[in-house]
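Undergrad: Okay, here's what each chain looks like letter by letter:
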Amino acid sequence: MSTQSHTARQAELKRQSSGRLMIFGFLSPTLAILLFMVAYPIFSLVYYSFFNFSALRQTTMKPIGLRNYEFLLSDPQLWERFVFTGKFVFICVTLQMLIGIFVGYQLQKNFKGRDIVFTALMMPMMLSPVVVGFLWRYMLNSEWGIVNFLLYSVGLPKVDWLGQANAALWAAAAADTWMWTPFIILLATAAFRGIPETIYEAAEVDGASPTYKFFRITLPMAAPVLFIALILRLIDSFKQYDLFVALTGGGPGTATETVSFAVAKTAFSYFYTGEASALAVILLVIIIGLSMILVRHLQKLGERY
Amino acid sequence: MAEIVLKDLSIEFGAFKAVDKVNLTVKNGEFVVYLGPSGCGKTTTLRCIAGLVQATSGDVLFDGQRVNDLTASERNIAMVFQFVSLYPHLNIRENIIFPLKARGIPRAEIARKLDWVTGIFNLGDELKRYPSALPPGARQKVALARAVIRNPAVLLLDEPLSAIDEQFREEMRWELGHLQRELGVTTIYVTHDQREAMSLADRIVLMSDGRIVQVGEPDRIFLEPENVFAGQFIGSPSMNLIDLTPVDGGLRLGGSNVTLTPASNLIPEWAVASRRKLKLGVRPLNVHLVEPGSDPTAFPLAVDDVFSVGRERFFMFSIDGVPYQGVDKRKTTGGAANAVHFVPDGLLFFDAETGLRVTGDAA
Chain A
296 MSTQSHTARQ
306 AELKRQSSGR
316 LMIFGFLSPT
326 LAILLFMVAY
336 PIFSLVYYSF
346 FNFSALRQTT
356 MKPIGLRNYE
366 FLLSDPQLWE
376 RFVFTGKFVF
386 ICVTLQMLIG
396 IFVGYQLQKN
406 FKGRDIVFTA
416 LMMPMMLSPV
426 VVGFLWRYML
436 NSEWGIVNFL
446 LYSVGLPKVD
456 WLGQANAALW
466 AAAAADTWMW
476 TPFIILLATA
486 AFRGIPETIY
496 EAAEVDGASP
506 TYKFFRITLP
516 MAAPVLFIAL
526 ILRLIDSFKQ
536 YDLFVALTGG
546 GPGTATETVS
556 FAVAKTAFSY
566 FYTGEASALA
576 VILLVIIIGL
586 SMILVRHLQK
596 LGERY
Chain D
478 MAEIVLKDLS
488 IEFGAFKAVD
498 KVNLTVKNGE
508 FVVYLGPSGC
518 GKTTTLRCIA
528 GLVQATSGDV
538 LFDGQRVNDL
548 TASERNIAMV
558 FQFVSLYPHL
568 NIRENIIFPL
578 KARGIPRAEI
588 ARKLDWVTGI
598 FNLGDELKRY
608 PSALPPGARQ
618 KVALARAVIR
628 NPAVLLLDEP
638 LSAIDEQFRE
648 EMRWELGHLQ
658 RELGVTTIYV
668 THDQREAMSL
678 ADRIVLMSDG
688 RIVQVGEPDR
698 IFLEPENVFA
708 GQFIGSPSMN
718 LIDLTPVDGG
728 LRLGGSNVTL
738 TPASNLIPEW
748 AVASRRKLKL
758 GVRPLNVHLV
768 EPGSDPTAFP
778 LAVDDVFSVG
788 RERFFMFSID
798 GVPYQGVDKR
808 KTTGGAANAV
818 HFVPDGLLFF
828 DAETGLRVTG
838 DAA
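Sequences listed follow chains A and D, in order. Residue 296 is where the first sequence starts when you use the working numbering, and the numbers rise one by one after that. Residue 478 is where the second sequence starts when you use the working numbering, and the numbers rise one by one after that.
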């Protein structure tokens, strides 16, 4: 009996170790690519951030410790970038969540032509942000843009949308919302439709009004998915760059420069590679923080359902 | 508490008639069980009473009031569904008090009722847990607690025990019956399980193809089925059904050479006198295996097999290739036993064409 269990254990061990080898074999190409494409750049990014270094002059590379960080964090201009980015993120995410949930709720019901409406609504998401930026730039042009044409034709004054700091912020938020609300709609509709009909029937029998059902059943049951959508939009709009390049070019002045925009400008216009690296590291830390909330939430989700 | 009346109730889904002109009165406080095979319209009827399905024609009355146009939340009903319908994002406590909260009942009363209902169902330890952490049986218990917490006039149960383990089902069935009598709430219970129906019901409503086949107390449906369907659907193992063909002086049993005569005390005079084709319905528990010659009313038939299910021993016999079942009540197994005896009181006669049961009075 004991010998039998011993041989069985040995066979089990052998099976396990060959399984492990197999797993490693399958993973190694991916691991190699990840090392080369992710680990190496991150390592060099952090490394450069401790140097006074420009990619244009590779020979002069002076270690300066944390001085890049000190300089950046005490730079009032950079704080302006953060404040602007924060405003932009807040407006975008709020608008997108509200509109997305509302439209998603309408689209969960079956009606004739639902599929066509749904597909049409998804279109903006398929475009490149640069294309969206140019599209809105033309529409918002103060002289011949269609928006001002429409305003003018109903007797309202023309607005210099992209020429004023505040108007430009709202214009960018509108473009981002136009492009990304479909994403929320997509996820919200899927989440709403995933709630079983019997749950609603039970709630109906239990005497819940439509509003009560929406706030006590629909929203909480869709909340896990909606939360993931929120975090993804948060991360994405936080690092928004290409839309601004096409739409405002960061202007007027530097009024619509996001943190990402500042990184790109520092790195590739001024070629302050060390300083840009430090700024990128700061950005990275913030985004990793947000991602960790997401991952932790996903884990909790797995435990409960 | 309420009296429920269904008046010419029909429910159609497109061309499909799920429920066809059903009439029924459920008395105040009565426990009625809808029984029937899948797709017979029993659940649809229940959902219509709940207000989750619209009647195509006919009326549903609660205490004489027409409720067709009221939504489920406006009818004073509670329902337990076949599959889990607990709110997965709420803990057990929140699930149970949901109907009270949804109706804006004051907090103090909610707390009082929660105490009452957790006492009945012994759910005190589970209140903080989530539905996914409970076994299916306990979940249905919670669903039942949620249903009765606001003292509904009508309690509707849609196969509430079908997703539960056998062992726990017995216990729940007993508790359910007990609870219903205690609360005195008018209850309609849908099931395809005849044992549930037989043990719980004040009256059984047997349905088939959207129509009511028979309504009556469990015993009556068992002993006096109105037609072949009722006879065969209720009782396990199922009732044997054997053709009877009129011959001189008696009725021939299926394709065998056995002729049953009134002299043998097995069949009544009228059955022979009517001279029409009949079907003999005899439940396996009224068919016994005996030693040849030990019983004058027994007749020889080919016995194919004897097998045990638990402590009971069954046997199979066939007439003209058609298999039938009986109960072997002999003390010892083996031996040359190939004579079959029918208990005379347990024989039912059905018209071969209409399938309706015929008795001497009718003929």
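These are calculated hints, taken from the structure and not from any lab test. Mixed in with the good hints there might be a few duds.
As the list claims (entries may be wrong) - DSS-like mimics (lysine-lysine), calculated; alpha carbons at most 30 Å apart, straight line:
#, chain 1, residue 1, chain 2, residue 2
1, A, 508, D, 806
2, D, 498, A, 508
3, D, 578, A, 595
What the hints assert, rightly or not - Simulated DEER-style distance windows between Cβ atoms:
#, chain 1, residue 1, chain 2, residue 2, range
4, D, 500, A, 489, 35 to 43 Å
5, D, 578, A, 589, 27 to 35 Å
6, D, 582, A, 329, 42 to 50 Å
7, A, 589, D, 688, 55 to 63 Å
8, A, 409, D, 701, 35 to 43 Å
9, A, 422, D, 593, 56 to 64 Å
10, A, 409, D, 700, 35 to 43 Å
11, A, 520, D, 581, 26 to 34 Å
12, D, 643, A, 518, 32 to 40 Å
13, A, 409, D, 580, 29 to 37 Å
14, A, 495, D, 494, 22 to 30 Å
15, A, 413, D, 606, 56 to 64 Å
Ideal Cβ positions, reconstructed from N, Cα and C, are used throughout, including at glycine.
Undergrad: Holds or violated: are the alpha carbons of residue 508 of chain A and residue 806 of chain D at most 30 Å from each other?
TA: This hinted pair is violated, its Cα atoms lying about 60 Å apart.
Undergrad: Are residue 413 of chain A and residue 606 of chain D spaced within 56 to 64 Å by their CB atoms?
TA: Between residue 413 of chain A and residue 606 of chain D, where Cβ atoms are some 38 Å apart, the hint is violated.
Undergrad: Could you say whether the range 56 to 64 Å given as a hint is met by the Cβ separation of residue 422 of chain A and residue 593 of chain D?
TA: holds (60 Å)
Undergrad: For the pair we were handed, residue 578 of chain D and residue 595 of chain A, check the Cα-Cα distance against 30 Å.
TA: holds (27 Å)
Undergrad: Can you tell me whether the CB distance of residue 409 of chain A to residue 701 of chain D sits inside 35 to 43 Å?
TA: violated (54 Å)
Undergrad: Take a look at whether the Cβ-Cβ distance between residue 409 of chain A and residue 700 of chain D falls inside 35 to 43 Å.
TA: violated (55 Å)
Undergrad: Return holds or violated for the Cβ distance of residue 500 of chain D and residue 489 of chain A against the range 35 to 43 Å.
TA: Check passed, 40 Å falls within 35 to 43 Å.
Undergrad: Holds or violated: are the alpha carbons of residue 498 of chain D and residue 508 of chain A at most 30 Å from each other?
TA: Judged against 30 Å, a Cα distance of about 34 Å means the pair is violated.
Undergrad: 26 to 34 Å was suggested as the range; check whether the CB atoms of residue 520 of chain A and residue 581 of chain D agree with it.
TA: holds (30 Å)
Undergrad: So does residue 578 of chain D sit 27 to 35 Å from residue 589 of chain A, Cβ to Cβ?
TA: Holds, since residue 578 of chain D and residue 589 of chain A (Cβ atoms, about 32 Å apart) stay within the stated range.
Undergrad: Just to be sure I understand the hint, the distance between the Cβ atoms of residue 582 of chain D and residue 329 of chain A should be within 42 to 50 Å; is that true here?
TA: violated (57 Å)
Undergrad: Residue 643 of chain D and residue 518 of chain A, beta-carbon distance inside 32 to 40 Å?
TA: Cβ of residue 643 of chain D to Cβ of residue 518 of chain A: about 37 Å, so the range 32 to 40 Å holds.
Hints 1, 2, 6, 8, 10, 15 from the list above are not met by this structure, while the remaining hints are.
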